[in-house]
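Combine the two chains into a complex, taking the hints into account.
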Amino acid sequence: MRSGTASMTTGVRWTYSGAPWADFVLTALPYGLRPDKDKATVRMLHTALLRALPGESLLLGVCASMDPAAVVDKMLTGIDPASHPQWAAECQATLDWLDEIGPGKRIYWLSVPLATTSPLQVVRQGVRAALSGLGDVLALPRTPVPPAEVARRTKQAAAIGAAIPAPFRPSAATPAQMMWLHQHAVRRGLFQDLDLPASGGDVAGDLLAPASGCVLSDVVLDEGAMADHDGATARAGTLTRRHLKVTDASAIGAGEGSYQALSVIAGVPTDGFAFPGGEVIGRIDECGLDVDWAMRLSVRAASSVIPANNRALNNLNEQYDQRSAEVSHATSALDRIGSALAEYAKALDADQLEVETQATIILAVAGANAESARAQGAALADHFSRMGYKLAAPLGYQQALWKAMQPGIAASRAVREFAQITTSTALAATVPLASTALGSAGGSLLGLNIAAGPMLAPGITCGPTSPVFHDLEGASDADVSGSMVVAGELGAGKTATLMKLAGDVADKGGQLVIADRTAKGEWAEWAKAIPGAVVVDAAAPTLSLDPLRVFGIRVGSAVMASFLAPLLNVSPTSERGVLVADVLDPAYLTEHDLDSSGALVAHLLHGCALEGAHELGRLVSAFARRDLGRVIFDASIPALKTTAPAMVMRTHGLALPSREELEHAHLFSQMGLEKIYGRALNALIAALARRVCFADTSTLAAFVISELHAMTISFEGEREVSEFVRDGRKHRAVLLADDHDPMGGISSVTLRGLIPARILMRQRDKTLARRSLAWLDLDPDDEALIEMVRTATSPTTDGVMVPEHRRGEATMRDMAGNVGRIKIMLPARDHRRAAITAGGTAAARTPAP
Amino acid sequence: MSGQVEVVKWYTRARRFPRLVGRTHTGGKIWGGPYTITQVVGAVVVVIVMLNTTSLWAKGSVFTNVAILAGITYAVVFALGKMPPDARNPLSVLAGAAGALVTPRQGRQGGRPLRAVPPQRLRARIDVQPTTDQRLSCAAPTARRVAAPVPAAASRPELLRRAPRPQQVAASRLVAEPAPEAAPALVGGPVPTGLQQALARAAAGRLR
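Sequence order for the protein chains is A and B. Residues in the first sequence are numbered consecutively from 891, following the working numbering. Residues in the second sequence are numbered consecutively from 114, following the working numbering.
Chain B with its partners taken away, still in its complex shape (with noise of 0.2 Å):
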């Protein structure tokens, strides 16, 4: 407010600065320089690799080959000094890309590959047997006993899963969001108090 304002500093750039490499180790100066790592390394992986693959390039004469690779050289050189100074590790950027590129179709799990897996038809062709027993009864009706029916829902724990919070309309911020479904998802999360279910039904109701 009213009293000194201090300068409070970052140190990161005294640590981290672009290293450049203007001098051969005996002390010589280097034509066109100083280039950056980069520029030094693009342009080794760039001869070593364009010398070992020859036989796809080189058919012109010993000039026109030694231009080819002086001038495709110069080319990576030229673009790689093109990144900014103090731009990112360039294979940790390569890396990045490379891992959005083969980022799985559905996402991952648990580190793995998600497959959503298609829909399958189920065929069911069943005969019901009779039992001894039901034969039995069958046999002679006055013995027929009703058996309670089974509350087979009752034993799916997802079933009694309560439904979450619903969103909240006003909620959405600088993007207008879509409504959301008077229904939202179940969750697997901490069980609604009483009061949040009533204010879970009151805000399906006023959205419909």
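Just chain A, with the same shape it has in the complex (with noise of 0.2 Å):
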């Protein structure tokens, strides 16, 4: 088939037929995990495209896989993988798992014919494409489309632009794009896409000189693949093979060919479909296929479909006539026919803009063989069938179902047989342009999104996949920090989640600060694949938290004054408050030589002449003489080096008090010396993070917390930890931590507010699966959702398994407040995954490969 396409410019092409079409971009809306008033929106805003599109036009949505190269990209900008060498190694071996699932996204196309007024230019235009044509036949050089055409096109074609609604951010088409489509078309199931062209990169004046009309390849179409079979059933058989082999003309050698089946929709459920819920376009990769779809619209006002209504009218009294003799259930079947025609009358009369919209929708499925075709062309009608949704496959019009899908064909006799008729405001309920667009645009690869659905096996997803990705950086544009919570029940994969960012943190060359309250030790053994880790265990120090030795005099005496004011429940202004800031006055303390806490200890009991400081040394050594206090006040052990680059405090063991001590004076004053330590040491350690994770705004930093209720527990360990996201983004700090009920962890509102990225595991507690999804912003009433969060999210087989390709799906609420499904990915590199799924809780979830 030679393309309709004569000659393109942006935005315009000009066809053999004549009439010249406008193209464009649009991008979906998201639609997704959003609420009912979110949806509605949607909803209207296709409503207001469709009435913006008087006549024919073309509304195409194709899956375009994604260059895994191009996604691995978005992970390397602002970093240089020479100097990072362990990002690269994650970035390369990314592209490994990424290339074999085969990423994927869906592209939307306008492609709009151009009214022509006047009768002159209509007969020009006819002139020129018939001589375009005979001047390709006589093989004689292009007469290229002369510049006041090109200008009167393009303005033309901004003009409907213009009128499509802002949010479909409609962007002219370049011919790279263009050609990009044509080849899709010709290749489409044989993953052998590239990235779609970016808009802007204006090639349009070079390929409008036109030297040669070879851009758009020609393109061979075999109805039922012919050219496959042999012999005398070979022609019989076109009867039963509803598929078409497409072959790229010009590719060079035996081209391979795309088989494709195309269907279309040929009955619609007579009942009607629910909205929400009933968006068959807008929810088409729910099919687990990679599916294009082709809406081939003709829109018409009101006014002028009242002729064709009172045609209805006249055939349906006629009917009675001709049936009335009839026993039979006739009459109440035109009864039917009869109030959906009052119906569709109120409909176009209720709203002065309504609009009557033909559309015919043609599916398109793929693959490498016409088995393939075959096998997923049923699937398709399979999946459509449950929706109330007849998918036929007209015998011999598979090249015309093709055709009807390029933009730049007129609509043809079996486009219009299988238009569906209804309003523009019902059609806009099947929300063809829906997104569930998750995550920020470059940083760390997170996972896949999956709101199509869950993956099917290891390595096939639902549907094309598009990567999620989280920017630890934050977002750019907007002061928005990249700090994350992660929810969950136990064993839903928070540990997993939270070392696989860590991980990426320690790889682009940051810090890593981690509070481990696991009694395992899961990230002690997990930062055993960080070069160079430290690990601070509370309650068998080797290496010691000393404020004043990690330090020095100068910043630890003010980390040890927070740390003290706790410890002692001293406040400021009291006799022993006066007594610990004077002693902890860097000059004080420089004076006496005291350059670390034993020594302050020591010196309190036995040199210092301060009045009440016996009393305050007493008190205080009642901690340090405890196994639990040598952490900090043991000169022996070597004092920690702030440099590492990951250092994991292990506070396994550590008594906290309940909010009830520490609310209640009654409670408060019989609170044993273990919680009262275990909460000034979990204060300490947040504020040690904080000084650690601050002290360098070049590189990125993040503290990881594991329980993050422990830490926010204490008021101090909460102020401490807002302080941390607050100032976070202007030091390149995150905070990373988890907790199995995030209301209850993070009681502060504030707190809850700061960090925006939030991902929820699977939750089977009905009442913490609520209050989960009351964090996401998302109805907490809500069955389904409830259901969604118990149930669909990594369920498992037989109650204690999850299957391989089921691990870590989570809801997932990104920085921009978007909330869809995820599954999350591990680390593509061995040692690393290893190094999660050795740790304890975690089970094995390796990634698809």
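By construction, these hints were calculated from the structure, which means they are not laboratory data. Cβ atoms here follow ideal geometry from the backbone N, Cα and C, with glycine treated the same way. A few of these clues could be false.
[Unchecked claim] Distance condition first, Cα-Cα at most 20 Å in a straight line; then the derived EDC-like pairs of lysine to aspartate or glutamate:
| no. | chain 1 | residue 1 | chain 2 | residue 2 |
| --- | --- | --- | --- | --- |
| 1 | A | Lys927 | A | Asp1672 |
| 2 | A | Lys927 | A | Asp1517 |
| 3 | A | Lys1531 | A | Glu1501 |
| 4 | A | Lys964 | A | Asp1085 |
| 5 | A | Lys1656 | A | Asp1631 |
| 6 | A | Lys964 | A | Glu990 |
| 7 | A | Lys1410 | A | Asp1427 |
| 8 | A | Lys1565 | A | Asp1517 |
| 9 | B | Lys195 | A | Glu1216 |
| 10 | A | Lys1531 | A | Asp1631 |
| 11 | A | Lys927 | B | Glu119 |
| 12 | A | Lys1236 | B | Glu119 |
| 13 | A | Lys1280 | A | Asp1161 |
| 14 | B | Lys142 | A | Asp1211 |
| 15 | B | Lys142 | A | Glu1216 |
| 16 | B | Lys142 | A | Glu1208 |
| 17 | A | Lys1418 | A | Asp1669 |
| 18 | A | Lys1656 | A | Asp1669 |
[As the list claims (entries may be wrong)] Residues from chain B that face chain A, not an exhaustive set, calculated with beta carbons under 10 Å:
| no. | residue |
| --- | --- |
| 19 | Thr125 |
| 20 | Leu164 |
| 21 | Arg201 |
| 22 | Gln222 |
See the structure below:
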């Protein structure tokens, strides 16, 4: 087939049939797990879009495979691979598994024929198109489209673009993009797509100078793949072979064919469909196949529909007459048609702007062989029949349907035959341009967007699946933190998710401070994979956290003061508070040569002349004497060096007070020394993390907290964490935390609001599921959502094990507030993955390969 | 989600519904009716065709002939009545079937059937005539000059085109596709970037 296009420029294509067409690339609107109110808005915008397209038009949604290299490129933005070999290795390994998964996305395309009003122009246009075709037959050099015509049509196209609702962000399709679309249609199902060329790269000038007509390659269309069959029965076989073999005629050598099964919606549910929920086109990816769809639209004003409706009414009346003698249920069937007709007239009448939309919805699936195309076609028909739609692959019309999916080709008889009639408001409820985009533009590759459905098997995604990124550096345009909290039940994969992100920080040359409360020491185990990582075990210290030695006297004295305040329960203005301030004055410490906490305690007990110093010393040494106190007060243990790339602070076995104990004076006064100490040490770790992470604004740093509630249960801890998140962005420092109950773990509304990126993994408890949904800004009372979190997220097969390809599923709210579904992928490199799975509760969560 | 669910309707059936004929234009009831338009048209066509081809089939008595005509017409009407009421226009179905049956052996290109040219043998019987210069240089070997070789291949743009991205192995869905050849066909598509070529090489290496 010769493509219908004779010449192209940015936004406009001239065709052999005469009328030029305007082409736009559209952006889909966020849909997915949005509240109903937002969905209604998206539908309204679709209605406006349909009303802006009077007459013929073609709306396309094609699956484009994404170039894994382009995906990985986003991971490398702003990072020099040469100076971060670990990150480069991770990117390289990611490239491999992405290549096997074959990530994809959907490209939305709108093509509208441009009207020609003046009769003279109609003649001119026809003559030019005919000459263009004749010239090609005679192999004459092409004559360029006159500049005045180019300017006029571009302007006309721009006017159409301006009428399209702005949220769809229509951008005039460049010739390179038009060519991409053509190549895509020819090679559908062969996974040979390159990335869609960027808008703006204007090669129009070059391409419009028509040195040759070979920009869009010639195509061989073979109905029923006749070329593959020999013998007497080959021809008869075309009656059963409902597919089309498409080959690029210009391919050198034996070009492999793309086997495409094209079908069209031939029957619609007579009782209608639900909105929201019945978005047959918007949710097409849920069928699990890479489906390209095309909507051939014919939009007419309500006034011009009236005659057609009247004719239908007359026919209906005649039918009542014709069938009056019949003994059957004919009358009730006719009554139904009558009421539908009345309803339709009413719908057109109700809104002055309402239009009639006739949509022929064509669907294409394709594979590298006929059997693949056939099986996919059958699966697609099955998917549609479940939604009440009948798909037909009309015999002998495969070519016609294929052509109907190309811009620049006028609607054929086959298209009109299968047109489904409704109003723009109703057609908009199929929400064709629905996006489930999630995550940031680049950064860490968190996982795959599983909005359409979970992975079907290892390495097989449900429909076109795009990667989801999370930028730890935060949103660059808005002052949004890259901090993230992961929630979910035990074993749902919280720790694995955090370990992945923490690993990325380390690979990018960043620094990690990790507060590990797990009894197994999962993080200490994990950190073994990070060269130079150190572990501070509060129970059996080999490194000391003594602030005076870790930070030196000047900074350390301030940290020490914030440690002693909750430990001794002193108010700054009390007698003892003033004494603490005096003793911790850097000048005083230097004067008495007190360079460690141990020395300070000894000084207080024996050498300090200040009033009450001995009592203070006794109080402090009550803690210092204990085993747990060694991590601060034992001067024989070497101090932690804050230059280590990863510092794991193990605080297992540390008793913590409950909220009640802190809030009620009588309980507070009875609190054991362990709990007082535990609370103070947690606050110290938070303060230490803040100082370490904020020290160098040029390096990325992360403070990882396992079980956030342990840190935020004390007011000091909560304040430290809040300040960390609040100021973190300026210092390139992020908080990565997990908790099983985010609403409980982060009781402060302010702190919750400060961390916009949230991941909710499986949560089988109903109450916790509700609370977690509210935390994601979703409706906590929506039964469907609760069930999604409880049973449709990483479900167990036998109550214990989660199949490998279903692990790491979660509901995510990204920095921009979009909520969607994601499957977290573990790091691509084996040893990093092994480090995560070796740690303990996190079971093997290997990515697909 | 939790809000109100609206029922949205398609109105195709309101405008396109099967039309049946149950009464004559005078209002009389048609026996055995109602009939679809297809049945009526079918019956009329059968009767006209048969009446014009009586020489072929009307071999018996008048009574037998009328019985045959009535029988075949009834059979056609009965068969057409078995078509589902919301089926497509039968003419369009027939046109499609006819189109499928006459589809050319090798597909169509530019709307015209594509004919594969059978392999042909190009016979070559050549003798080389030396030029005057060469004759001279043969005569005087000291004057022999060596011409620089002309890179014939460089002038052929096909050979300069680069390989496309390889097929992705795991991208096969639903039905296992045969493993792609290591060297995919050359395409006249967009030229791949350096990174894509590196990928292609890596993938080709992996597949082997």
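Quick rundown of the hints versus the structure:
Of the supplied pair hints, the one linking Lys927/A and Asp1672/A holds, its CA atoms being roughly 14 Å apart against a limit of 20 Å. Proximity of Lys927/A to Asp1517/A is assessed by CA-CA distance (about 58 Å); at most 20 Å being required, the pair is judged violated. About 35 Å separates the Cα atoms of Lys1531/A and Glu1501/A, which puts this hinted pair outside 20 Å; it is violated. Restraint check for Lys964/A and Asp1085/A: satisfied, since their Cα atoms lie roughly 14 Å apart, inside the 20 Å limit.
As the CA atoms of Lys1656/A and Asp1631/A are separated by approximately 12 Å, the hinted pair is consistent with the 20 Å bound. Using a Cα cut-off of 20 Å, the hinted pair Lys964/A and Glu990/A holds, with the two alpha carbons roughly 18 Å apart. Between the alpha carbons of Lys1410/A and Asp1427/A the distance comes to roughly 12 Å, so the proposed pair stays at or under 20 Å and holds. Proximity of Lys1565/A to Asp1517/A is assessed by CA-CA distance (about 14 Å); at most 20 Å being required, the pair is judged to hold.
Our distance criterion of 20 Å between C-alpha atoms is met by Lys195/B and Glu1216/A, whose separation comes to about 18 Å. At most 20 Å may separate the alpha-carbon atoms for a hinted pair to count; Lys1531/A and Asp1631/A exceed this at roughly 34 Å. Distance restraint check for Lys927/A and Glu119/B: the Cα-Cα separation of roughly 13 Å lies within the 20 Å cut-off, and the hinted pair is therefore satisfied. Between the alpha carbons of Lys1236/A and Glu119/B the distance comes to roughly 17 Å, so the proposed pair stays at or under 20 Å and holds.
Annotation: proposed proximity of Lys1280/A to Asp1161/A holds, straight-line Cα distance about 14 Å (limit 20 Å). Taking the CA atoms of Lys142/B and Asp1211/A, the gap is near 11 Å; set against the 20 Å cutoff, the hint holds. Of the supplied pair hints, the one linking Lys142/B and Glu1216/A holds, its CA atoms being roughly 9 Å apart against a limit of 20 Å. Distance check on the hinted pair: Lys142/B and Glu1208/A sit about 14 Å apart at the alpha-carbon level, within 20 Å; holds.
Restraint check for Lys1418/A and Asp1669/A: the C-alpha separation of about 41 Å exceeds 20 Å, so the hint is violated. At most 20 Å may separate the alpha-carbon atoms for a hinted pair to count; Lys1656/A and Asp1669/A meet this at roughly 14 Å. Nearest Cβ of chain A to the Cβ of Thr125/B: about 5 Å, under the 10 Å cut. The hint holds. Taking 10 Å as the C-beta contact cut-off toward chain A, the hint placing Leu164/B at the interface is violated, the least distance being around 27 Å.
This hint holds: Arg201/B has a C-beta 7 Å from the nearest C-beta of chain A, less than the 10 Å allowed. Interface hint at Gln222/B: satisfied, since its Cβ lies 5 Å from the closest Cβ of chain A, which is below the 10 Å cut-off.
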